[in-house]
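Those protein sequence lines, which keep their order, are chains A and B.
Sequential numbering from 1 applies to the first sequence in this note's numbering.
Sequential numbering from 1001 applies to the second sequence in this note's numbering.
Bear in mind the hints are in silico, worked out from the structure with no lab data behind them.
Check each hint, because a few of them may be wrong.
Said to hold, decoys possible - Examples of chain B residues toward chain A, derived with CB under 10 angstroms: (1) VAL1008; (2) ARG1107; (3) GLY1138; (4) CYS1144; (5) THR1155; (6) LYS1158; (7) ARG1159; (8) VAL1175; (9) ILE1177; (10) GLY1178.
To be verified - Restraint ranges, calculated between C-beta atoms of paired labels, are given here: (11) A:LEU643 x B:VAL1162: 32 to 38 angstroms; (12) B:GLY1125 x A:ARG172: 51 to 57 angstroms; (13) A:VAL325 x B:GLY1125: 49 to 55 angstroms; (14) A:SER173 x B:ARG1011: 55 to 61 angstroms; (15) B:ARG1011 x A:ALA247: 25 to 31 angstroms; (16) B:ASP1076 x A:PHE523: 55 to 61 angstroms; (17) B:GLY1125 x A:LYS624: 44 to 50 angstroms; (18) B:ASP1095 x A:ARG629: 26 to 32 angstroms.
Every residue, glycine too, gets a C-beta built ideally from N, C-alpha and C.
Spelled out from the first residue to the last, the chains are:
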Amino acid sequence: MSKNPASSGSPPKIALVGNPNVGKSSIFNQLTGLNQTVGNWPGKTVELAEGTLVFGGVTLKVVDMPGTYSLSSYSEEEVVTRDFLLGRAADVVINVVDATALERNLYLTLQLLEMGLPIIVAVNFIDAAYHKGISFDFKSLQESLGVAVIPVDASSGKGLTELMDASLRQLRSPEARRSPARPKFGKEMERLIAEVAKELTLYKPSLPDGYPIEWVSLKIIEGDPEVRKMVQLPVDVQARISEMISAVEAMHGEPANVIIASERYSLSHRIVEAAQKPKVESMNAASGWISDVLTHRVYGYVVLVAILGGIFYLIFRTGGFLSGVIDSAFASIIAYLASALSFLPSIAVNLLLNGVVFGVGAATSIALPYIATFYIVLSILEDTGYLPRAAFLLDSLMHKIGLHGKAFIPMLLGFGCSVPACMGCRIMETRRERLLLGALVVLVPCSARTIVILGVAGAYLGIEYALLIYLIDLLLVMAIGRVLFKVLPGESVGLIMEMPPLRMFKPATVIKRTWLKTKDFVFTALPLIVLGSVAVEAASSLGAMDAIVNSISPITVGVLGLPVAAGVALIFGLLRKELALIMLATYAGTTNFALIMSPAQMFVFSLVMVIYLPCIATLAALIKEYGWRNAVLIAAMDITLALAVGAAASQVLAVIGV
Amino acid sequence: MVQEALEVYCRLKKALKKVTMRDLIKAGIDSTKRERLINEGLLKEKGGVLELTKEGEGALLAHREDYLHGRLIHNDGSSLPEDALHHWTSCHHIDKATLNEFYERLRSMPYRIEDLVPLVEAPPGKAAEVVLIIGGRGVVNRLCEMGLTPETRITVSKRAPVGGPVMVSVRSTDVAIGRGIASKILVKIID
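This is chain B alone, in the form it adopts within the complex (with noise of 0.2 angstroms):
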């Protein structure tokens, strides 16, 4: 695929800062995606250093939002409707302006869409680092309040049981999440 060797590529930028075809070689992104990567408009050289383009972009956002919506919200690979915007405000209640921040969120996220997960699957006792917080102005306020502001290091230190509450240790304290809320707090685990 070659939104994931995209994705890599985003990882990359986040740690070297800039990011040469050599470098995607030996993150072990095969010939004809690279091909395709340049060919298809998503990657520009320049001056030796590869530029994500509007359309990589655009590639890049709309891979990480059917995944999002997916993978990590719906959790049975269904795709994103036609209309993404109108089903995110009618069917998930995100509001426009909060949509906007959300898009936002998502298109300079450093990380691999695929490495997260939402914090009521983390595993108990492992470190994670919050990355991205679906949910209302509101909602985002109160867990960035009590702690829970982004790249975060907080640990689960347990689960309630039946659809119960996870309660993660942050910044020397213990706050409990409801599951609703938790499962769309997305987090990277750290080993």
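Here chain A stands alone, though its shape is the one from the complex (with noise of 0.2 angstroms):
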């Protein structure tokens, strides 16, 4: 049956498999430190996080598997899932549940062993239970699913020892890969997959290994779409299995597949019941009533509103200085070095200097500052649990523009930079919803963006101005989500998301993660950006820099009626938006806008740069979750909706006299 790890190379392999927010992710912190990649099942848009870990002398790797509610094959996580565990890739899988939701949590669970697999059940935040006044007897659960049990507090890393002890034990002893007992449904869903099982062994499909059988009966029953076009049913068996399947949902009234997950969450009930301790009087509701307000049809939205703003602030503050901290730094480096490096033919400095210390120079003071703020931020708030409850109060705002109200995250995401952003659209459960809201984030001002707005139309008209650049922009995204919804094939899928526990976040947790995820953007990004830099350097040192903004001045002159200058920024706008004004200095040899552009000019300006073209990072991010042909489309809308704006802004602004 399963291969011993003990024979093959590489290390061996640890899966942590739970529903979101059990804190899976904490433990797999916990266990693999900072020896962590994280990075994308190949040829999927699911998050793939490996680490390493060193435990009892043996050298470990551990997989962090994407959080499911269920092994259906409803979503692309829930297939990563299912195809990595049946086909063994796992040496040893970890079930991670929540002490204080444990019923839902044994859900999983129970497929978990409908699979076959020798799991091992890790039973976290049983502090947090234990103040709820729930405690477990784990012999008992360990009892009722048949494989070992273990209590852990991922947040304190009490347990973790003991789950390293129960994970090298499998590894070492044959026995104990066994798989257990198939947890067993009603007396008709039990014959019904025996029959079922029975039809396909005549048959015989050439099932891959390690596919038990009765679970690809039990999967046909429920009317498994992946399994289904796996097994190739011949007409005759698929419709005697129709038939049987139709007897059994008439007695029962329902359909099969709710049949089954009705047995299986009855059974969930069975075994939690048997396990839970009499409950005590709960010794802790302070989290009851802060949910409370947090959800509060008035003071929701008053604190929502706080916080968002505090976000904007902290970030724009604390960025905004970082970042002239870093730049000043680059600048003296690139100073100092053009000194040094005097000696070499001008041509080659500049493109080292201007391009690539310049473009490293430019991803640091993006990714340090504003980036990584913005992460620990978001994580921040992610751990505490707070993000589900203002997608809960924004549910009804995103229905405006046929999303619901998870869409909010992204769209968050998105003020800080469009990268992640885009990555964060796989929270949606359908394809048409994460296109739609992919194309709708990159309108979001990114941080990038808003130093355009704040630069210019905020330093010389005024706030209000800036404001009402914002505001522009926000219900243009309105608009364009409409019009999406209505024109995408398909329908829109309504809002099912579960409320976590506020939790009190660990700041070791946020940092690392933070650290994670800007590394992830800066690998993303940083090439591009230097590559960027290097071309547009070239093209100015041979003196191709004119020929390109003279060429693009029917647009920025004719259409938008703007300076000829203003195409240098529309073109380093595509490297990285807020550089693109240093670089209109530059080319235009002064700081003060003023001098090269009327106030109406600069307003055009400030609009068609937030809308135009996300960077080229961004396009990056769209390739790699939409494809090409969806990029291309998102990124010719963006094009054509700044010029229409544009050109309609520099219309009415000329009529009404400005």
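Please assemble the complex out of the two chains, which come individually in their own frames, going by the hints.
Printed below as a string of structure tokens:
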């Protein structure tokens, strides 16, 4: 059956499986420290987090599977997890469950047992459960499930040694790797599974190794599209099976998948009932009233506005300060290197300094101050469980653009940076909604674009004009959302979202996550920004800059009524939008934009810079998430929009005589 | 209304398994209604036990379908158009296969349809039982995964303002459900 891990060359793999919000990632972080990589599953837009740890002299690889509630094939995450586990790619499977919501969590556990996996169940948040007055007889739980059950508390690290001991035991003894007994369904369902399994054995479909026949039967009964496709039953067998299923459905008055779900839940209920010790009065009602305030119909929105306002203030205060420090540091490095390297031909020096070093500086001075600060705040909101509450409050607003409350989360990310916002769209359930949201989040003014708004419209025209541009942009997001919602085929999906309990965040986890995410951003964006800077530097060294700027002057001057020099900003905006201002200043030879643009032109300029094409790093993220075709379509839409809105604004301003 | 007498019969059937004429009398069904039930061939007496006939099943289903549509979905008492199948598929976007399952569930539902309310209208703080979910396979599946299987006890804990979602407690977790979906989950309030 499963391969002997000792014989294979690579380190044994431990997979962490569980519902979202069960502290899976926090266990992963405790186990692996900073030895982690975050990437994508091959060919999928599902996050893959891997790390290593050394325990008891053995090097182990830990894989943090995406959080799922179930192992049907309704989402990519579920398919990835299922295929990984059934292919026995993991030597040990740890199922992390939340002690405060055990009944719901065991629903997934039962499905893992149905797959015949010798899992280890880690019951997390035992301390939090205890404070709520819930405690368990773990021996009873272990007996009911037929696999090892280890109580842990990830935030304090309690129980993790025992968990790893159990994992090593399983790695070393073939006995412990034997498939556990499959949880039993009701009489009729068991008979149906046996009948379908019999049909399957007669027909002998070619099943991959490690796919238990009873599990395949169960999935066929559930109507799982992936398994049905894989098995490819002939029409007559299919018809016989359908008949058997219909008979049971008629008996229960429910479709088969609902009967199965109900029976799993009633088993889960019985297991929890048997293991739960008599409840003592809840000792901690504090998080109850906080949650009530956060989702209150009036105070909830007050808190929401305060939190969002606070975030923007914090990010632009600290971000602006740090960004200035880094920029001036790089400026002095460039100046120093320029004199040190003066023996080289000037074109090489220019390419190296204004291209490579400048590019690295540009990437750092946005990544560290803005992106890192943003991720710190976001991690705190995430870990405390505030985000779902905000999504709850904003659900009806998001419905106006054909999405539901969860869409608020990538939108919020979009104010920081469009790259993580694009990747954040994965939380939506269907591909249609991911695409719709992806097209919208790139229009949300990211921190770089906010700098343009503040640096031009805000500085020269006044803060009310900056806010007006923000407002126009957000109205545009709403309008485009409505249009795309109507145009894209498919139905809108409603909100079904768990509200995790409010929890205190751990600073160490927040910093660690921020570090990993920022690193991830730097790796995606840095090469592109450096390449772009080199290209632009090469163009200007070769004296091609004027030609390029002039060649787009029919657009800048003709359509938008801007000065020719504005073309520099439009081109540089592709690399990094707030840098565009510096380049414009260099090209025009002045930092006083009032000398080169009229107030009306400044307004139009800021507006166009905000709407038109996302930066090159965002484009790369769009291609990664939605493929070339959709990325190009989104980019084309943004350019068209920017030109249309810019032209319209310049006409309107001309008419009212500004 | 004779249909409501049929609903009473169903509720008794669920509680008692075997329903006799006596049970109907005790439940307050008057003699005209009882006679009509038998005369119109909706119920049949067999060895003292009342059974629902094919016609009775049809009448019950039609009544439930009409009530569901006019009272629970549109809430204006509008009656279901002649071609009900077509109306469900084209105006309510329920595909054929789901519709069959839906009729099956409607037929076997053990409560009076008049006792059901959509989840959005359930008063916060009250316990309720999930009875019927009107929706495609995907939605039903996702709700089941989150623990909202038929006959589950839930409590509405909060409603967001202006067409926002409702929050329910189910199996010691809180789940937010969008208004659109919540208006298609029919529950029975438990006093």
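Going down the list of hints, with the structure as the test:
For B:VAL1008, the shortest C-beta to C-beta distance to chain A is roughly 19 angstroms, which exceeds 10 angstroms, and the interface hint is violated. Contact between B:ARG1107 and chain A, as hinted, is supported at the beta carbon level, the nearest pair being about 7 angstroms apart and thus within 10 angstroms. Residue-level restraint check for B:GLY1138 holds (minimum Cβ-Cβ distance to chain A is 6 angstroms; threshold 10 angstroms). Interface restraint check: B:CYS1144 against chain A, minimum CB-CB distance 4 angstroms, threshold 10 angstroms, status holds.
Interface hint at B:THR1155: violated, since its Cβ lies 13 angstroms from the closest Cβ of chain A, which is beyond the 10 angstroms cut-off. Hint on B:LYS1158 holds. Least Cβ distance to chain A is approximately 6 angstroms, under the 10 angstroms limit. Taking 10 angstroms as the C-beta contact cut-off toward chain A, the hint placing B:ARG1159 at the interface holds, the least distance being around 8 angstroms. For B:VAL1175, the interface hint holds, the least distance from its beta-carbon to any beta-carbon of chain A being 6 angstroms, beneath 10 angstroms.
Because the smallest distance between the Cβ of B:ILE1177 and any Cβ of chain A comes to about 6 angstroms, under 10 angstroms, the interface hint for this residue holds. Among the interface hints, the one on B:GLY1178 holds; its C-beta lies about 3 angstroms from the nearest C-beta in chain A, closer than the 10 angstroms criterion. A beta carbon spacing of about 36 angstroms between A:LEU643 and B:VAL1162 agrees with the range 32 to 38 angstroms that was offered as a hint. Our hint of 51 to 57 angstroms for B:GLY1125 and A:ARG172 holds, since their Cβ atoms are close to 53 angstroms apart.
The hinted range of 49 to 55 angstroms is satisfied by A:VAL325 and B:GLY1125, whose Cβ atoms lie roughly 54 angstroms apart. Hint check: A:SER173 to B:ARG1011, Cβ distance near 56 angstroms, so the stated range 55 to 61 angstroms holds. For the pair B:ARG1011 and A:ALA247, the beta carbons lie near 26 angstroms from each other, so the given range of 25 to 31 angstroms is met. Checked against the hint of 55 to 61 angstroms, the C-beta distance between B:ASP1076 and A:PHE523 comes to roughly 58 angstroms, which is consistent with it.
In this structure the supplied range 44 to 50 angstroms holds for B:GLY1125 paired with A:LYS624, their Cβ-Cβ distance being about 47 angstroms. For B:ASP1095 paired with A:ARG629, a C-beta distance near 29 angstroms keeps the hint of 26 to 32 angstroms intact.
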